[in-house]
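Those protein sequence lines, which keep their order, are chains A and B.
So that you can map any letter, position 175 of the first sequence is 175 in our numbering, and since no number is skipped, the others follow by simple counting.
So that you can map any letter, position 566 of the second sequence is 566 in our numbering, and since no number is skipped, the others follow by simple counting.
There may be inaccurate statements among the hints.
Cut-off 27 Å, straight-line C-alpha distance, at most; resulting in silico cross-link-like pairs (BS3-like, lysine-lysine) [to be verified]:
{"id": "1", "chain 1": "B", "residue 1": "K392", "chain 2": "A", "residue 2": "K197"}
{"id": "2", "chain 1": "A", "residue 1": "K419", "chain 2": "A", "residue 2": "K407"}
{"id": "3", "chain 1": "B", "residue 1": "K199", "chain 2": "A", "residue 2": "K191"}
Rough simulated footprint, nothing fancy, chain B against chain A, three-plus residues with beta-carbon under 8 Å [unchecked claim]:
{"id": "4", "segment": "197 to 210"}
{"id": "5", "segment": "213 to 223"}
{"id": "6", "segment": "230 to 242"}
{"id": "7", "segment": "356 to 367"}
Think of the hints as simulated: they come from the structure by calculation, not from any bench.
We put the CB at the ideal spot given by N, CA and C, even for glycine.
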Amino acid sequence: MTGHLSRRRFLRQASVSAAALPFLSGLPSVSGAALDPKPRRLIIVFSPNGTVPDAFWPKQPGPIEKLPPILEPLDPFKHRLMTAKGPSIVVGGVGSRHIQGMGCLLTGNQLFPGNAKGGGNSPSAGWAKSISIDQEVANFFQSKQNSKTAFGSLQFGVAVPDLADPRTRMSYAGANQPLTPISDPRWMVDKLYGKTKDKASLLAIIDDVKDDLARFSDQLSPEDREMLERHMEHVAEMQRQLEIADANDSRNHPVPDIDPDIELINDNTPQISRVQIDLMVNAMANNMARVATLQYMRSVGQARMKWLNVKEGHHKISHEPDENEDARTKLIKINTWFAGEIAYLATKLRDTPEPGGVGGSMLDNTLILWVNELGKGNSHTLNNIPFVLIGGENLGIKQGQALELGKTPHNRLLMAIAKAMGHELESFGIAKYCKGGAIELG
Amino acid sequence: MKNPLKLVTVAALLTITCVASLVSPGSRVDAGQGEPAAGTADAFESGLAIYAKQCAVCHGEKGEGVEGKYEKPLGGERTLAWLTRRVERTMPEADPDECVGEDAAAVSAYLYESFYSPEARAAQRRLPARSLQRLTVEQHRQTLADLIASFREQPKTTDQHGLWVQYYPSRGMRKNPLAERVEPVADAVFKPEHPMYDKFDKKGHSVRWSGSLLAPETGEYEIIVHSDHAIRLWLNDGKALGGGISNEITDTKSVALLDGWLQSEGKTEFRAKTFLLAGRAYPIMLEFSAHTQGVGNKDWHKDQAAKNSYLSLRWVAPGGVEQVIPEKHLKPQKMPEVFIAANPFPPDDASMGFISGAGVSEAWLSAATEAAIHAAGGVVGQIDTLAKTKPKSKDRRDKIIAFCERFVSRAFRRPLNQEETQRHVMQYFSAGQDIEQAVKRVVLAALLSPRFLYPQAGVSAPDAYDAASALALAMWDSLPDQALREAATKGGLVTPQQIEQHARRMLKDPRAKAKLMRFFHHWLELERAEYADKDSTLFPEFDEQLLADLRTSLDLFLEHTVFSERSDYRELLLADYLYVNDRLAEVYGVDRGEDTAPGFTRVKVPADRRSGVITHPYLLTAFAYHNSTSPIHRGVFLTRNIIGRPLNPPPNAIAFEGADFDPDLTMREKVTAFTRDSACMACHETINPLGFSLENYDSLGRWRTRENDKPINAESDFTGDDGKTMRLKGARDVANYAIQSKAAHRAFVRLLFQHIAQRDPSALSPKTLDQLTTHFETNGYQIQDLFIQIAVENTGHRLKSQPQDDSP
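Go ahead and model the full structure; you've got the sequences and the hints to work with.
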């Protein structure tokens, strides 16, 4: 990873967006809008390289009694989660399984032909042909006054390499429009709170500027002083507006007390993961976005999880045959670690009261969807993608259940997610794979 | 292209100025050039009596004007001859015969002495009370760019153009390049005919173009790459060049402006808009790779790519059309990145006819603040590079404080004393203060300080630092460079000669060239040309491409005349050549002879057909209707900008509608009928002859001899500044008149002064304009020299060093 450079990229992007906004406008405040009586949020978490099916899927369908090993960290949420076995990526098209899995996972559509070459004899691939479900839902929220937010959606990354490729992108704003996950918590802080911080810096020096203007004015002729007086009036007005904006910011979306300054190296991944989750929950509590994705590494990710005493790269181990006990143990360890991170996220949401005083916790109104680009690493199967749904009591999802649907296009699951968000779709991605409509989750 | 809305806009623009009245034309002829004596005391006395009796009723007892009659106070630049003629013919308006002969001469003598002589004008035109000027928008951006650039290593520049190209045999760029060389442009098709083709690996090849991009104007540029294979392009990103780009796509070192490294069907065109400042070079790098990325593809073969493997680096420059980025805007040398404050600013005050930094507004302060925040972010983001330290150095804090002191001092354009250092720098570095935050505050406070924003304020007795600052603004719209700073410190900017020496050095910089080019665009009112559109039935040759070619042709002409050794104002008006490419040669019937070179070449044209810039087809196209010529627009332009008679807007504007006239009439006949009224003729007696002199050029500026099957008549009688009538036979006569007209020279000098100094020369002294004009006339009409003289004059040091003999 190249932290410093990535930050440059962010600053560059930030400067573009900053130029497009009137300086004092700041972030839209939620205080003015009518309270949303039924807030809904969607968080999609990705981890790569398939799972270990027999350590992941509950033993039988129906109410979950005991969680399988990989899901154990989610035990506090045993009665608030659902596993959905059966939805499979069947859209086909170009690209290796890893590439297809990643690009089709949230779009339910194929990839364009391109120059990204994966393993095997698969034809090389480009970007996805249509929008991903998180963006579809975000657009839906943004189209309504009481669910509209400053950012609409946020793309968080953890250890995603700085490389634009169908293996590293799962969110798409549309055909050929991949969205880049932000893996550096510092950029995310700048993106979320940069303007607020700029205002604070300005407020810190504005009295000095006024003092400087007054001193300077003393050297001028009376006529010149007149022009400078107007300048001084404008500065005073700016100060007044900044103070109002500052007060609004600290009420509506205070800068969280999170230190994002972590060196972006592989071994710091656990800390980065936690900071990103903290920032995400904070931003959602501040109503800056209602849709977020959290992408761990990438399809074919080679993270070396030394913090789990796994020294080999993740993708390499995922290719080992089932008989390799050592690999199996390590893969369970790795996937259990991901489950632990999701548990941390769910815990934070559970422990944060729903803002706006409608009662309950944020988790009641938030659906977490855990996804993977493959069903199983060594077979590269796109069947039985390990889908887990957590939280969202108020979203009409039956919880504490192991769903077994038999093989069915995952497009129908994507439609079900949209439905839970209040957005009923007739089809999503390739229409012919949407027969039967949204999977019933209630 | 044929946007009806655009046509309406143009029509509206054109009608606004299509009738104008001469309010203060003419010019004072300098003593020694035959200025008639202003009359005896007797004439003055009898003139006063006549004035009181016949004129005061409309013009007021003291020429102050009368409400409901003639409201404007008398005054301006006129010759006695002109006044006498005017009174004789048109005054008093009720009965012009009331005041003729000796009476007219006497009252004119009185008027001249009281209101129009240089002395009278000097007395009227007190120095503007307000001298406070903020940075103009262009100056603001250029200054910020140079302020930050002053902390980077700036390589010596070369004159070489084109890009550095490296060919690699394989898809990555790991191996040694097959070949490295400078090529004029990046526009290639890698077919078997390509000279490198045989050396390419069958598993793919790659190519890298690098160097710098030169922006001729400030504005938004669209950078475009067309390619069917993997491409990525970096612009103005020092990291991309400093570290060198790794060949592994998994290790991209920097953010690309255009990233098509991952090819995806349906995307063979990559575009991004970016804001660039004029007169600067921006590092650019473009990479191309033919092959798949990621896992190697065993089945891939170069012949597959050769079927259609291409790359073209193009742009749309401000006011241009999409074209391959021309060689002259590329350099093989890599320059450091440039800080650009691209946020929008409200436009500068142009109410005086030139851009100035008069007036502040909330919108301006908001824009200046946004630029400051952006700059502060940029400085903090690269603080270690700029302060020449490292994140873990022991002396990092000291180095950063030293950087901040230099930064503020450069922003304020003079050294800081101890108290100022404390107030503008040290107070932000209190113990325990986060260093980055301190830097941010120092930068913000400095860039919002009046000492930064008002570079010339409160200067009553300019010192060497003021001279450096004024000179840098005049020559570059920017900050003093290192050489100027050192000269100011070491007493090397005291005499006008020393200052002039620096100005000569600074003239060679592209920023000076860009500033001078901007003047010519302003002088020739080229902003008008961007709206030009033509009736596609009458002018099927006209399209955006033709318009862009015409603009290029004019720019080449200006560059050749202005930036040659001679740099002769007279050549600008008299030149008998045009720059044409094949398209222009065909449309304008220019014989390129043996010359078959691609692109634009200079071609001699018959001297009776073209005369310098006033017959350049771009101008003639701009000053014309979409379906016909417009002698009024052409005439007004020539009156104001070329022969230097000011015109005010007409008291009652009437739109000229060609369709209102008998279609069999020629344009000249229509205009003559339209302006027949004596009230119109006060101005149109000047405007029409000048406009008619260009009737041999149609709406596209093509030579013509007939209109409506009637021969063109471009001849007219014209009254010179001396009151004498002459016969103008065509454009060349107008040009010849201008090059011997003091008024024309004065107008040119004044406009250039205003453009360079953002103020009128009279703000410096009543004599400045005359002195500069005389210098211009007696030194070969050298434009570059005039630029330098104005810049030096504007520092105020010459005035200071010369005893002034102004009458009180």
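Hint check:
1. K392(B) with K197(A): Satisfied, since the Cα-Cα distance of roughly 25 Å is no more than 27 Å.
2. K419(A) with K407(A): 21 Å, holds
3. K199(B) with K191(A): Violated, at roughly 47 Å.
4. 197 to 210: Satisfied; 7 residues make the cut.
5. 213 to 223: holds (count 7)
6. 230 to 242: Result for this restraint: holds, n = 6.
7. 356 to 367: violated (count 0)
Hints 3, 7 from the earlier list are contradicted by this structure; the remaining hints agree with it.
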